[in-house]
Amino acid sequence: MAKPKAQSPKSEVQSPKSAPAAPPYHPIAHGLSDDDFKHGKVCTTRWTADARYAWDRGVAIGRYLDGLKQGKLLGVRCAKCARIMIPPRAFCEWCFKPVDGWVELEDTGVVNTFSLCYVTWDVKRVKEPQVPAVIEIDGASRGMGIMHLLGGVDPKKVFCGMKVKAVWKPAAEREGAITDILYWKPL
Amino acid sequence: MALKERINLPGEARTWYGELPVQSLYTAGDAGDRFLKTLKEKDQFMGSPCTACGEVYVPPKLYCEKCMAELKDWIKVGPDGALESWTEVHVGLDGKRLAQAQLVGLIRLDGATTSMVHLLAGAEPNDLCIGMRMTPVMKPAAKREGAITDILHFRPK
Amino acid sequence: MSERIAVVGIGATQFRTITPDVSYKELMFDAAVRAYDNAGIDPRRDVDTFVTCAEDYIEGTSIFDEYVPDQLGAALKQVHTITGDGLHGVAAAVMQLRTGRFSLAVVEAHSKASNILTPDGVAACAQDPVYVRPLCLNSHFIAGLEMNRFCAESGVTPGQCAQVAVKNRGNALSNPIAGQAAKLTLEDFRHARPVALPLTELDVAQSVDGAVVVVLATESRARELRTKPVWLTGAGWCNGSPNLETRDWASPKYVTTAAAMAYKQAGITDPRHYFDFAEVDDTYTYKELQHLVALGLANACDVGRDVELGKTATKGKRPVNVSGGALGMGHMYECIGLARLYCAVQQLRGEAGMQQLDKARTAVVQAWRGVPTASAAVLTLAT
Amino acid sequence: MGNRVAIVGVGMTKFVRRALETGKELSWLASKMALDSCGMTMDQIGCVALGTAPDTFDGVHMKGEYLSDGAGCWGKPYMRSYVGGGTGVFSVAQGWYHVASGMFDTCLVVCEEKMSTFQPHAQAAFLTIFDHTTERPLKPNLLWIFALEMNRYMTAYGLKKEDIARVAVKNKNNALDHPAAQIAAPVTIEDVLNSEVLAWPVQRLDVSPVSDGAVAVILANESVARRVTDKPVWIEGCGWALDTAYWTNRDLCYSRCVEEAARMAYKMAGVTDPRHQIHVAEPYDPFDYKELQHLEGLMLCGRGEAAQLTADGVTARDGELPVCPSGGLLGVGNPIAAAGLMKVAELFWQLRGEAGKRQIARKATRGVAQAWGDLMQVGTVVVLGV
Chain A
1 MAKPKAQSPK
11 SEVQSPKSAP
21 AAPPYHPIAH
31 GLSDDDFKHG
41 KVCTTRWTAD
51 ARYAWDRGVA
61 IGRYLDGLKQ
71 GKLLGVRCAK
81 CARIMIPPRA
91 FCEWCFKPVD
101 GWVELEDTGV
111 VNTFSLCYVT
121 WDVKRVKEPQ
131 VPAVIEIDGA
141 SRGMGIMHLL
151 GGVDPKKVFC
161 GMKVKAVWKP
171 AAEREGAITD
181 ILYWKPL
Chain B
1 MALKERINLP
11 GEARTWYGEL
21 PVQSLYTAGD
31 AGDRFLKTLK
41 EKDQFMGSPC
51 TACGEVYVPP
61 KLYCEKCMAE
71 LKDWIKVGPD
81 GALESWTEVH
91 VGLDGKRLAQ
101 AQLVGLIRLD
111 GATTSMVHLL
121 AGAEPNDLCI
131 GMRMTPVMKP
141 AAKREGAITD
151 ILHFRPK
Chain C
1 MSERIAVVGI
11 GATQFRTITP
21 DVSYKELMFD
31 AAVRAYDNAG
41 IDPRRDVDTF
51 VTCAEDYIEG
61 TSIFDEYVPD
71 QLGAALKQVH
81 TITGDGLHGV
91 AAAVMQLRTG
101 RFSLAVVEAH
111 SKASNILTPD
121 GVAACAQDPV
131 YVRPLCLNSH
141 FIAGLEMNRF
151 CAESGVTPGQ
161 CAQVAVKNRG
171 NALSNPIAGQ
181 AAKLTLEDFR
191 HARPVALPLT
201 ELDVAQSVDG
211 AVVVVLATES
221 RARELRTKPV
231 WLTGAGWCNG
241 SPNLETRDWA
251 SPKYVTTAAA
261 MAYKQAGITD
271 PRHYFDFAEV
281 DDTYTYKELQ
291 HLVALGLANA
301 CDVGRDVELG
311 KTATKGKRPV
321 NVSGGALGMG
331 HMYECIGLAR
341 LYCAVQQLRG
351 EAGMQQLDKA
361 RTAVVQAWRG
371 VPTASAAVLT
381 LAT
Chain D
1 MGNRVAIVGV
11 GMTKFVRRAL
21 ETGKELSWLA
31 SKMALDSCGM
41 TMDQIGCVAL
51 GTAPDTFDGV
61 HMKGEYLSDG
71 AGCWGKPYMR
81 SYVGGGTGVF
91 SVAQGWYHVA
101 SGMFDTCLVV
111 CEEKMSTFQP
121 HAQAAFLTIF
131 DHTTERPLKP
141 NLLWIFALEM
151 NRYMTAYGLK
161 KEDIARVAVK
171 NKNNALDHPA
181 AQIAAPVTIE
191 DVLNSEVLAW
201 PVQRLDVSPV
211 SDGAVAVILA
221 NESVARRVTD
231 KPVWIEGCGW
241 ALDTAYWTNR
251 DLCYSRCVEE
261 AARMAYKMAG
271 VTDPRHQIHV
281 AEPYDPFDYK
291 ELQHLEGLML
301 CGRGEAAQLT
311 ADGVTARDGE
321 LPVCPSGGLL
331 GVGNPIAAAG
341 LMKVAELFWQ
351 LRGEAGKRQI
361 ARKATRGVAQ
371 AWGDLMQVGT
381 VVVLGV
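Residue numbers (the working numbering), protein chains in the order written: chain A, 1 to 187; chain B, 1 to 157; chain C, 1 to 383; chain D, 1 to 386.
Careful, some of the hints might be misleading.
Stated by the list, open to error - Capping the alpha-carbon separation at 25 Å, the derived lysine to any residue pairs in SDA-like fashion look like this:
| # | chain 1 | residue 1 | chain 2 | residue 2 |
| --- | --- | --- | --- | --- |
| 1 | A | Lys157 | D | Ser195 |
| 2 | A | Lys69 | A | Asp107 |
| 3 | A | Lys157 | D | Glu305 |
| 4 | B | Lys4 | C | Asp46 |
| 5 | D | Lys139 | A | Asp35 |
| 6 | A | Lys156 | D | Thr155 |
| 7 | D | Lys139 | B | Glu19 |
| 8 | A | Lys69 | D | Arg136 |
| 9 | B | Lys40 | A | Asp107 |
| 10 | C | Lys253 | B | Lys40 |
Unchecked claim - Simulated coverage check for chain C against chain B, where a stretch passes if three residues somewhere in it have a Cβ under 8 Å from a Cβ of chain B:
| # | region |
| --- | --- |
| 11 | 22 to 30 |
| 12 | 194 to 200 |
| 13 | 236 to 244 |
As the list claims (entries may be wrong) - Incomplete in silico selection of chain A near chain B, CB under 10 Å:
| # | residue |
| --- | --- |
| 14 | Trp47 |
| 15 | Arg52 |
| 16 | Val126 |
These are calculated hints, taken from the structure and not from any lab test.
Just so you know, even glycine gets a beta-carbon here, dropped at the ideal spot from N, CA and C.
Can you make the complete structure from the sequences, with help from the hints?
Here it is, written out as structure tokens:
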């Protein structure tokens, strides 16, 4: 059998010859190169999964999304631990009881942390960075953030603690999705 | 429901659509690579015997599933074999009814102790019986790509 | 010698073909609240360890256990996934309790099957990518091959297999949470469309949504709780070959091995006469028969006749799947075993309502993970 | 209280970018090597605990079942546990409860990952770890959460990139002595600081490579352990904890799940003063800042102090508290679950004094391995001792 030549494991284990070998002693696995694939030196099969879903939104996320469609950020309140939470949930995870009602929050907040990301989710390089951030929402309890994107700002000027405001899609284009907020801009 | 608040209006019960976007490129592996290449280039089925367990694996394996021993020997098997079981499949990968039902069989190649799964052709379900002799029909050599589909199907011999 | 382990709380939602009014989190929360209420415990205060049973492709989310702790009351506590049937999860919890480091454990499994738009596409991803998937076959073909071989070797007829569906879906008529109850006759099978012959669509359990949560405790802890404990006397699980090439197509020996492990722990030497009733996997009709043989509850040559003669019916000598099984209650992916366990515990507690058996002191519960796996778990229970 | 459990054998494959071997074959290579390392055969193994991270990597639904024949599960009780990145170390805890329960004398623990199967790049598989409704529509990248956490950590403690880059330099250079390592070139602080910016503050060399590989360890109860080896390495404690899924509601500067897991493990091990009772540590380092955060979570130093510890050379291989002498994920490679178990394997060799060129300078009788994962929410910890 024509095994790919790349990385003969035994020769690597043995060098340098002067030093005693370190465990693991014969760590085998045959590494392949791009060429091995490109030129069909190895037998391969391909598969694209057909794995599609329609997840039930449920009570809490359903109403959150309906709020977004109306241009509102909705949170929930737990009377026991006195927290106002976003994203909404039907139950308080710390008190383990159903939450006690809805609260309309501001569409402003504070950047808790952020990144300047030059790589898309599917690993494509981009020139202008995306600016994902955790934004603590005004009106919710301290530390209650959501993940979203910043925009309308020079990436170099973004800082932790920056006040931001949601930039919404035009009402007619909203569909009840987190992307009904296009991005958050400095306030 | 143990929730305090419920959905009461049918229109509020909606779904969010999504998928697992998974594209995969699988290697056939150390043993599989050699098996498929031998089949493609030499029209030859190979098996790997385990001297300890007496199993002869087809397709061959790097190791014995039962005792975990390394399988170093390779022997020629088949190409003919015996039908171990069969079925006629009426639904497709998408869950919809197939226009044409597909026969599938388990074939134990001569010299093997394990059975290969493959498509069957050249027979009606009523013609098939366990133990029946089967023979593989290969793709033309030029069209083979080193995959299990280099075997088009098995047919009664 | 470690302490005995007991089931001290059970909770389940209704099993329905669709549950559009709740998210999976809300569905799980419902089952959890019921189980904790049943056991009389507060998960935040009382539970030491949580096990959840789920597979990513079924959920449509990678690393699904991320989204589990909150609705179980388990945040910042000991939680982990077992990617296995709920009964594997129970076995994992039993082992943890037996280390002596934990006294109260929770096991959860659920199904949001209705949220999967492409169940057959998902199932295909479990086939071997090199030798099987390129043939582009619906995974039911594996059950078709197995049923054919099983029938050929045992003499069981497809009609006898059909009788399993008639029994189980009929049993489910009196189960208030069952989602696939129906009054079938053998005549219905004459019109049933083929799936993978000899398997027809009526031979296949149809999926439902639902969740089950089970609370387990060590004996000393169980004595402090208000519920009547049901003892988990044995837990076994085992794997055959995952490869279609190398498995035994007539009998699931891994079920036999798993059962032997559980029976040994429970000190059961004569399973055929020991159990008052059984809740076994019936994902496909023939599977119930195959599993009864593998569990040592029937002979291969009699098992088909037994179902025809009503020996496994509710009023029979040893009832099997009085609850309705997966055929009658619905297929629930990783929750299939917990659904069996839930109904078995109800029986043993004498809380099975219209389904209550006169004699229900011992039970065997078994689960199988479906095609293409050769993976099963077995529990033995006693009052 | 429970049976005492020891590690008696270890095996691992080479970590490579793309393996010819299937995941099953990788699992077998590691399992076979582990069995051979302590002269055991499969019929002496009572059960198998398998660990492997998302199914989307290998592209196989029910991945545990798929891998099971390579991992010696035929005819055996086998279970696969799964807590994302925390899986590798958790699998040892899983194996521990199998044996400590008294139900099994021995357990083979196998962890495998074949990330190269995912096309075009394994990183994209992480899109689906995010909430399908509130996060996935934003098309998040795995790098986002690390970058967000790293920025928060740096901001909270006023750290510079140099302070953190030292970890990458230490670990990648440590890995030069690891025969199974994927990385094989020395690295300097400048190299890290000048490497491509991926998601600021994360740069290319702040990150561990994507890998294929498998690791296996064999656990045994006391009587078997004493029979098969003169040098059993005892599992003195293990712990795990899973925090809330609402990660944007948590303070990302500190891993409280790691602390919670460490508290459980230390309690079991009778460790009351970790800084002095732990002699060597293998904390989880998929990104360089994570090692620092985890040293704090493991209570091996105060909050915000780990960078200074590193700058002072305390965590070097010849330091007072060697950290990631293996080379860690940053150096050896990061086949997710296998990488976590590799850390446990390294402690096994270090505590037995068998780590060859990687052997730490100080005497060590107790070490801690830790992994972390999910949505920055799970901590898994194992304390080993001789």
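Now for the hints, and whether the structure bears them out:
no.	hint	in the structure
1	Lys157/A to Ser195/D	22 Å, holds
2	Lys69/A to Asp107/A	13 Å, holds
3	Lys157/A to Glu305/D	28 Å, violated
4	Lys4/B to Asp46/C	23 Å, holds
5	Lys139/D to Asp35/A	31 Å, violated
6	Lys156/A to Thr155/D	16 Å, holds
7	Lys139/D to Glu19/B	13 Å, holds
8	Lys69/A to Arg136/D	18 Å, holds
9	Lys40/B to Asp107/A	63 Å, violated
10	Lys253/C to Lys40/B	35 Å, violated
11	22 to 30	holds (count 4)
12	194 to 200	holds (count 6)
13	236 to 244	holds (count 3)
14	Trp47	5 Å, holds
15	Arg52	5 Å, holds
16	Val126	19 Å, violated
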